[in-house]
Amino acid sequence: QKEVEQNSGPLSVPEGAIASLNCTYSDRGSQSFFWYRQYSGKSPELIMFIYSNGDKEDGRFTAQLNKASQYVSLLIRDSQPSDSATYLCAVRTAGGTSYGKLTFGQGTILTVHP
Amino acid sequence: DGGITQSPKYLFRKEGQNVTLSCEQNLNHDAMYWYRQDPGQGLRLIYYSQIVNDFQKGDIAEGYSVSREKKESFPLTVTSAQKNPTAFYLCASSLRDIGRAEAFFGQGTRLTVV
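Protein chains in written order, with the numbering used here: chain R, 47 to 160; chain X, 33 to 146.
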């Protein structure tokens, strides 16, 4: 089982729709959860981080965390063509010999079409 | 300006040659990371370091080596033992505190074996 798994893509949504990106993780010692956006040929940029169960909203983005289910998601409302990119889920471990290890999923390609 | 600087941006390596990728940060971050990204793939962790003079292997450490002699610097050496080194290499840094653990990336080094 991979440490961090994202829903397989690519994901295509029309402009103005809600895009839903999902991620599961295997290490129950994980404490910090991140969503990054990466445009082709560029380095990842941080969109959202979440540490506590529940929802966290920032503009058009909402991150949701459920530690019991080991699940984290990202919702993008009113999707725009400029949101078209690869979205990476990342999880940071807090305990044991892997303290601080930051593991990424394989990424989900999102395309927003006009 | 604070940030993470990777150099060079492009690097060409001959078969059997060792090369070193530079990563410097002036964010006063304790933790630093090296990732490898292949086309259409997510980020795979090579090595990470939480404090000076200490580092841990990631998921794909074979054929790579690192050092962490200074807080600001975390160079990565790609050795001749790495059989398929052509990839995009990304360095990241973050605070060590799990509760403030957002990682920020450099612009990457694209390594090609010729």
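It is possible that part of the hints are untrue.
So the derived list for chain X, only partly shown, Cβ under 8 Å to chain R, looks like this [stated by the list, open to error]:
| # | residue |
| --- | --- |
| 1 | Tyr-42 |
| 2 | Phe-44 |
| 3 | Ala-63 |
| 4 | Arg-128 |
Computed cross-link-like contacts, DSS-like style, restricted to lysine-lysine with a CA-CA straight-line distance of at most 27 Å [stated by the list, open to error]:
| # | chain 1 | residue 1 | chain 2 | residue 2 |
| --- | --- | --- | --- | --- |
| 5 | R | Lys-88 | X | Lys-89 |
| 6 | R | Lys-48 | X | Lys-41 |
| 7 | X | Lys-115 | R | Lys-48 |
| 8 | X | Lys-115 | X | Lys-89 |
Calculated from the model, a selection of chain X residues having no Cβ within reach of chain R, i.e. all distances over 10 Å [to be verified]:
| # | residue |
| --- | --- |
| 9 | Gln-49 |
| 10 | Gly-74 |
| 11 | Glu-94 |
| 12 | Gly-95 |
| 13 | Ser-97 |
| 14 | Glu-104 |
| 15 | Ser-112 |
| 16 | Asn-116 |
| 17 | Thr-118 |
| 18 | Ala-135 |
| 19 | Val-145 |
If you're looking for bench data, these hints aren't it; they were derived computationally from the structure. The beta-carbon is built from N, C-alpha and C at its ideal position, and this holds for glycine as well.
Here is how each hint holds up against the structure:
no.	hint	verdict
1	Tyr-42	violated (12 Å)
2	Phe-44	violated (17 Å)
3	Ala-63	holds (6 Å)
4	Arg-128	holds (7 Å)
5	Lys-88/R / Lys-89/X	holds (25 Å)
6	Lys-48/R / Lys-41/X	violated (30 Å)
7	Lys-115/X / Lys-48/R	holds (23 Å)
8	Lys-115/X / Lys-89/X	holds (18 Å)
9	Gln-49	holds (25 Å)
10	Gly-74	violated (4 Å)
11	Glu-94	holds (17 Å)
12	Gly-95	holds (19 Å)
13	Ser-97	holds (18 Å)
14	Glu-104	holds (18 Å)
15	Ser-112	holds (27 Å)
16	Asn-116	holds (18 Å)
17	Thr-118	holds (15 Å)
18	Ala-135	violated (6 Å)
19	Val-145	holds (19 Å)
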